[in-house]
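From first to last, the protein sequence lines are chains G and V. Heads up, the first sequence is in the working numbering, so the first residue is 2 and it goes up one at a time. Heads up, the second sequence is in the working numbering, so the first residue is -10 and it goes up one at a time.
Simulated from the structure, these hints should not be mistaken for laboratory data. Given the structure is predicted, the values throughout are model-derived calculations rather than measurements. Just to be clear, a hint being listed does not mean it is correct.
As the list claims (entries may be wrong) - Simulated DEER-style distance windows between Cβ atoms:
1. Ala128(V) x Arg86(G): 52 to 62 Å
2. Ser135(V) x Glu58(G): 14 to 24 Å
3. Met2(G) x Gly114(V): 11 to 21 Å
4. Gln89(G) x Leu(-2)(V): 38 to 48 Å
5. Ser90(G) x Arg101(V): 40 to 50 Å
6. Ala6(V) x Met2(G): 21 to 31 Å
7. Ile82(G) x Leu133(V): 18 to 28 Å
8. Asn97(G) x Ala128(V): 42 to 52 Å
9. Arg86(G) x Pro111(V): 22 to 32 Å
10. Phe124(V) x Val69(G): 31 to 41 Å
To be verified - Chain V side only, calculated, beta carbon under 7 Å to chain G, not exhaustive:
11. Ala6
12. Ser10
13. Ala29
14. Leu122
15. Ile138
To be verified - Calculated lysine to any residue pairs in the SDA-like style (CA-CA distance at most 20 Å, straight line):
16. Lys100(G) x Asn87(G)
17. Lys100(G) x Gln89(G)
18. Lys150(V) x Gly79(G)
19. Lys150(V) x Val32(G)
20. Lys150(V) x Ala44(V)
21. Lys150(V) x Val140(V)
22. Lys150(V) x Ile84(G)
23. Lys150(V) x Phe61(V)
24. Lys100(G) x Val83(G)
25. Lys100(G) x Ala72(G)
26. Lys100(G) x Phe25(G)
27. Lys150(V) x Leu66(V)
28. Lys150(V) x Leu65(V)
29. Lys100(G) x Ser90(G)
30. Lys150(V) x Glu132(V)
31. Lys100(G) x Arg27(G)
32. Lys150(V) x Ala72(G)
33. Lys100(G) x Ile84(G)
34. Lys150(V) x Glu73(G)
35. Lys100(G) x Arg88(G)
36. Lys150(V) x Phe23(G)
37. Lys100(G) x Val32(G)
38. Lys100(G) x Ala85(G)
39. Lys150(V) x Ile80(G)
40. Lys150(V) x Val83(G)
Backbone N, C-alpha and C fix where the C-beta goes; we use that ideal spot for every residue, glycine too.
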Amino acid sequence: MVPIPYYLALSAVLFGLGVAGFVFKRNVLTVFMAIELMLNAVNLAFVAFSRALGQPEGQVFVFFVIVVAAAEAAVGLGIVIVIARNRQSLNVERINLLKL
Amino acid sequence: MTAELLVFLALAGLALAGAVSLILQRHPIHSALSLIVVMAALAGLYLLLEAEFVAAIQIIVYAGAIMVLFVFVIMLLNAGAEEHTDFSRMARYAGVPLTGVLLLVLTFHVARASAAMTAAPPVEGMTRRVALLLFRDFAFPFELTSILILVALLGAMVLAKRDS
């Protein structure tokens, strides 16, 4: 039996790597992938807690997280396509329309 | 060292290698393939945690549908390698150390707070209990998700439509 804290530590490290990718990557698509990585890390923590407590609720939450991630990916990639069409660039530093 | 721990270590190593590769790769398609490796490894970990339903939707929805969407958009936009911009001074001196601190603090506290946590005895028919919960107690949120997906679908179509 693998101890539950191992899973939670792995989840925390994956989340931290997702944050690092979100902050350091320049390509807007890769930034999106870093967000997906963070969502996956949280899902792992949910399932680990579900296993630790013997309760199915955690897995139901994972289901909802995946649904929201799917919706987010669809809308987000639509926005990326529009930005790429208007700016001819995927570099997040060039996407500064909202910047003062 | 039990066989289960060995499987865990192999899958965890695979997931970590994929996540690091996602950050280090310059080309978005390589990052996407790294993310698919992470998701496949996580599906294996879900199986170890006896969450078969989650493992299945992880492969079908995440690695299947969402990542195919990503790869499709990368190819559609013909995204090339990332432009190499110099780290700003703030990113180098504040961003890198702060990310490292976040990683360490998060891992340390999560591991410490859960040190005494042990797995509950295995439950028979966990997927059945998940289904009962999802379609009975969470029936209303479940139906709401279908509306969410519908709205996201329409939003994506409106966004990607060319102005005529």
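Among all the numbered hints in the text so far, which are the ones the structure does not match?
Hints 1, 9, 10, 11, 12, 13, 19, 20, 25, 30, 36 not satisfied by this model.
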